[in-house]
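Participant: Sequence:
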Amino acid sequence: MKGTPMKTLLLMTALVLTHPAIHAESLKAASEEAAPTQAMTEAVVRKIDKDAGKITLKHGAIPNLDMPPMTMVFRVQQPAMLESADVGDAVLFHAERVNGLLTITTLQKTP
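Sequential numbering of the sequence shown, starting at 26, is according to our numbering.
To be clear, the hints were calculated from the coordinates, so they are not data collected in a lab.
Check before you lean on any hint, since a few could be wrong.
[Unchecked claim] Label-pair ranges, simulated between beta-carbon atoms:
hint: 1; residue 1: A105; residue 2: P136; range: 17 to 23 Å
hint: 2; residue 1: P88; residue 2: A115; range: 15 to 21 Å
hint: 3; residue 1: T29; residue 2: T130; range: 55 to 61 Å
hint: 4; residue 1: Q63; residue 2: E108; range: 18 to 24 Å
hint: 5; residue 1: K134; residue 2: A77; range: 16 to 22 Å
hint: 6; residue 1: K75; residue 2: R122; range: 21 to 27 Å
hint: 7; residue 1: K32; residue 2: D91; range: 55 to 61 Å
hint: 8; residue 1: P104; residue 2: T135; range: 17 to 23 Å
hint: 9; residue 1: N89; residue 2: D111; range: 24 to 30 Å
hint: 10; residue 1: T33; residue 2: L90; range: 53 to 59 Å
[What the hints assert, rightly or not] With a cut-off of at most 27 Å between alpha-carbon atoms, the simulated DSSO-like pairs for lysine-lysine come out as follows:
hint: 11; residue 1: K79; residue 2: K134
hint: 12; residue 1: K75; residue 2: K134
hint: 13; residue 1: K134; residue 2: K72
hint: 14; residue 1: K83; residue 2: K72
hint: 15; residue 1: K134; residue 2: K83
Note that the Cβ used here is the ideal one computed from N, Cα and C, for glycine as well.
Could you build the full structure based on these sequences and the hints that come with them?
Facilitator: Below, the structure is given as structure tokens:
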């Protein structure tokens, strides 16, 4: 039978390429590349305005926003975040530009 080794080789190649474990590993690797870790920035709380959902921080450089150290006001993504901090607390935070507004997406008190 002419061509049988070639057909077998093609069939085996197709089976290997469609094996679910191979796809699962490639999807896992792709998702790890697509989900970068959030850089946290050190800051000190200067003011909290719970009614407005804002916090004033004296912060270090924020690399993902290309922002130098300064003191400024941020909105918080969740108002409950403001319950975990007091004026004078050292905190770590992550901020993003959400709908054009600088917004804190993660806020945690440092020990």
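Participant: All the hints need checking, so say for each whether the structure fits it.
Facilitator: The hints, checked one at a time:
Separated by about 20 Å at the C-beta atoms, A105 and P136 satisfy the suggested range of 17 to 23 Å. At roughly 19 Å, the beta carbons of P88 and A115 sit within the given window of 15 to 21 Å. Between T29 and T130 the CB atoms are about 60 Å apart, so this pair conforms to the stated range of 55 to 61 Å. About 21 Å separates the C-beta atoms of Q63 and E108, a value consistent with the hinted range of 18 to 24 Å.
Remark: the range hint 16 to 22 Å for K134 to A77 is upheld by a beta-carbon distance near 21 Å. For K75 and R122, the Cβ-Cβ distance of about 23 Å falls inside the hinted range of 21 to 27 Å, so the restraint holds. Range check, K32 to D91: Cβ separation about 57 Å, and the 55 to 61 Å hint holds. Taking the beta carbon of each, P104 and T135 are about 21 Å apart, inside 17 to 23 Å as hinted.
Between N89 and D111 the C-beta distance comes to about 26 Å, which sits within the given range of 24 to 30 Å. Range check, T33 to L90: Cβ separation about 57 Å, and the 53 to 59 Å hint holds. Only pairs whose Cα atoms come within 27 Å are accepted, and K79 paired with K134 is accepted, the gap being roughly 16 Å. A distance of roughly 17 Å separates the Cα atoms of K75 and K134; the hinted pair therefore holds under the 27 Å criterion.
For a cut-off of 27 Å, the pair hint linking K134 to K72 stands: about 15 Å separates their Cα positions. Straight-line distance between C-alpha atoms of K83 and K72 comes to about 10 Å, which keeps the hinted pair within the 27 Å bound. A threshold of 27 Å between alpha carbons decides the hint, and for K134 with K83 the separation of about 14 Å falls inside it, so the pair holds.
Checked against the numbered hints given earlier, this structure breaks none of them.
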